[in-house]
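Asker: What follows is the residue order along each chain.
Protein chains: 2
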Amino acid sequence: MDHPPSAAALVIGDEILSGKVEEANLAVLARTLRGLGVELRRVVVVKDNAETIAREVRDLSRTHDWLFTSGGVGPTHDDVTVEAVAQAFGVRVVSSPEMEAMLRAHYRERCTEGHLRMALIPEGAALEVTDEITWPTIRFENTWLLPGIPEVFRMKLPVVVARLRGGRAFVSRAVYVKMDEGVLKPLLDGVVAAHPEVAVGSYPKWFDASYKTKLTFDGLDEARVLAARDAFVALLPAGEPQKVE
Amino acid sequence: MDHPPSAAALVIGDEILSGKVEEANLAVLARTLRGLGVELRRVVVVKDNAETIAREVRDLSRTHDWLFTSGGVGPTHDDVTVEAVAQAFGVRVVSSPEMEAMLRAHYRERCTEGHLRMALIPEGAALEVTDEITWPTIRFENTWLLPGIPEVFRMKLPVVVARLRGGRAFVSRAVYVKMDEGVLKPLLDGVVAAHPEVAVGSYPKWFDASYKTKLTFDGLDEARVLAARDAFVALLPAGEPQKVE
Numbered sequence: 022m023d024h025p026p027s028a029a030a031l032v033i034g035d036e037i038l039s040g041k042v043e044e045a046n047l048a049v050l051a052r053t054l055r056g057l058g059v060e061l062r063r064v065v066v067v068k069d070n071a072e073t074i075a076r077e078v079r080d081l082s083r084t085h086d087w088l089f090t091s092g093g094v095g096p097t098h099d100d101v102t103v104e105a106v107a108q109a110f111g112v113r114v115v116s117s118p119e120m121e122a123m124l125r126a127h128y129r130e131r132c133t134e135g136h137l138r139m140a141l142i143p144e145g146a147a148l149e150v151t152d153e154i155t156w157p158t159i160r161f162e163n164t165w166l167l168p169g170i171p172e173v174f175r176m177k178l179p180v181v182v183a184r185l186r187g188g189r190a191f192v193s194r195a196v197y198v199k200m201d202e203g204v205l206k207p208l209l210d211g212v213v214a215a216h217p218e219v220a221v222g223s224y225p226k227w228f229d230a231s232y233k234t235k236l237t238f239d240g241l242d243e244a245r246v247l248a249a250r251d252a253f254v255a256l257l258p259a260g261e262p263q264k265v266e
Numbered sequence: 022m023d024h025p026p027s028a029a030a031l032v033i034g035d036e037i038l039s040g041k042v043e044e045a046n047l048a049v050l051a052r053t054l055r056g057l058g059v060e061l062r063r064v065v066v067v068k069d070n071a072e073t074i075a076r077e078v079r080d081l082s083r084t085h086d087w088l089f090t091s092g093g094v095g096p097t098h099d100d101v102t103v104e105a106v107a108q109a110f111g112v113r114v115v116s117s118p119e120m121e122a123m124l125r126a127h128y129r130e131r132c133t134e135g136h137l138r139m140a141l142i143p144e145g146a147a148l149e150v151t152d153e154i155t156w157p158t159i160r161f162e163n164t165w166l167l168p169g170i171p172e173v174f175r176m177k178l179p180v181v182v183a184r185l186r187g188g189r190a191f192v193s194r195a196v197y198v199k200m201d202e203g204v205l206k207p208l209l210d211g212v213v214a215a216h217p218e219v220a221v222g223s224y225p226k227w228f229d230a231s232y233k234t235k236l237t238f239d240g241l242d243e244a245r246v247l248a249a250r251d252a253f254v255a256l257l258p259a260g261e262p263q264k265v266e
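In the order they appear, the protein sequences are chains A and B.
Under my numbering, residue 266 is the last one in the first sequence; the count climbs by one each step, no gaps.
Under my numbering, residue 266 is the last one in the second sequence; the count climbs by one each step, no gaps.
It is possible that some hints are incorrect.
Copies of the same chain look alike in the list, so a pair counts if it works inside one copy or between any two.
Straight line, CA to CA, 30 Å or less: simulated DSBU-like cross-link-like pairs of lysine-lysine [stated by the list, open to error]:
#	residue 1	residue 2
1	Lys206	Lys226
2	Lys199	Lys226
3	Lys41	Lys264
Derived from the structure by calculation, the hints contain no laboratory data.
Please take these sequences and the hints and turn them into a complete structure.
Answerer: As structure tokens, then:
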């Protein structure tokens with residue numbers, strides 16, 4: 022398979038690791054990146070600890086084309102992502118005059134030191150906006166700082182899309198059968214060996230009468246994806262498949 | 022804070038990183054472990070690649086008291102977790118006579134080589150069962166191999182609970198207020214500094230009229246957790262809090 026740009030995600034928050042809050046940003050980020058032709062290759066979830074976050078940011082930003090952090094960008098003591106990213110890249114934390122002015126305009130006489138902490142950025146960070154989304158998203162080199170709150174995370178993604186657009190999107194097809202994985206294995210092994218540019222996935226479904234296993238065929242080249250899918254379908258016995266996508 | 026036993030989770034599967042399937046095991050694992058007094062400290066999500074999985078298993082199993090893997094334990098080409106765990110611990114993959122007999126009894130004349138792959142284990146692994154859950158869960162030293170399918174993952178958790186039971190469970194309390202994080206920050210900072218044994222979390226809620234921020238107070242000692250929570254409540258202005266748990 023060709024090598025698409027790679028990405029990693031760093032999910033930050035004690036609330037995820039304690040099970041108080043269900044992680045809800047990963048799947049939407051993964052799908053958004055796939056639509057941009059970017060492959061999410063690794064996700065790490067860590068606690069609200071600046072040293073841990075800094076170490077991960079350093080590692081993940083060096084080994085992937087893009088890194089997206091989720092969480093820890095509010096004003097309280099457990100929001101340490103800006104500080105950690107600055108530490109990872111060896112720069113200071115500074116107040117952005119532009120963001121400080123926006124905060125003062127928004128909160129007016131109610132504006133506190135706590136609110137102004139939301140203007141802090143790693144020195145030299147880019148402030149990414151679109152015409153519609155004017156509150157800046159912080160990006161330091163290849164590292165995007167996204168908020169943890171799912172509704173706000175989703176609101177920010179169009180800024181990422183606007184910046185990364187232009188890649189070659191993945192093609193994804195699927196076949197549904199009532200055969201189990203033990204029976205499918207020899208058929209799949211042949212297709213996997215003959216189509217190295219296509220990623221073949223096999224997902225058993227329990228507690229569903231309409232099919233037993235979903236097979237997926239993914240790649241950057243549509244013709245190759247379809248060839249792998251159709252080669253698999255051609256191997257199936259009478260009565261199969263249940264559905265082809 | 023006292024140091025409870027630590028745990029890490031390794032989520033395995035291209036389908037999670039591509040966004041085709043939403044990760045659904047992490048929160049239930051986190052809550053189960055907390056009930057056992059075990060702290061989930063780190064989660065890593067990786068692709069179906071044996072070398073990558075082996076490297077993570079080696080690292081995470083050495084740095085945590087327990088490691089739980091999720092996914093990659095079926096019979097197809099993309100199920101490489103058993104092989105990877107064996108590689109991580111430097112042992113061979115062997116067929117368990119006990120599991121092979123169970124598979125042959127279940128599938129009878131329909132039993133294929135594919136089905137028998139589900140009897141493969143890292144040599145020397147323990148096969149964990151309970152009276153109710155008789156299909157074995159593979160454990161190699163401190164590393165538990167759990168399935169990725171959410172319904173089956175949940176079915177297996179009682180086996181983990183039966184084995185780890187006896188720890189001191191975490192105590193978790195919460196306060197809900199209509200104040201925003203910028204205003205709360207100075208109050209929280211004092212409470213955080215005065216109660217080092219209690220983990221204080223602050224979670225803004227958007228799009229909910231009943232409160233604006235949820236504050237959480239967690240620890241192993243109930244009296245200390247309640248003291249931190251009550252110290253915070255005592256600092257609130259008239260009309261707050263909205264709710265105390």
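Asker: With identical chains treated as interchangeable, where does the CA-CA distance between Lys199 and Lys226 reach 30 Å or less: within a copy, between copies, both, or neither?
Answerer: within (10 Å within a copy, 44 Å between copies)
Asker: Since the copies are identical, ignore which copy is meant and state whether Lys206 and Lys226 lie within 30 Å (CA to CA) inside a copy, between copies, both or neither.
Answerer: within (16 Å within a copy, 47 Å between copies)
Asker: Give the relationship of Lys41 and Lys264 under a CA distance limit of 30 Å: within one copy only, between copies only, both, or neither.
Answerer: Result: close only across copies, 17 Å inter versus 38 Å intra.
Violated hints: none; the structure is consistent with every hint.
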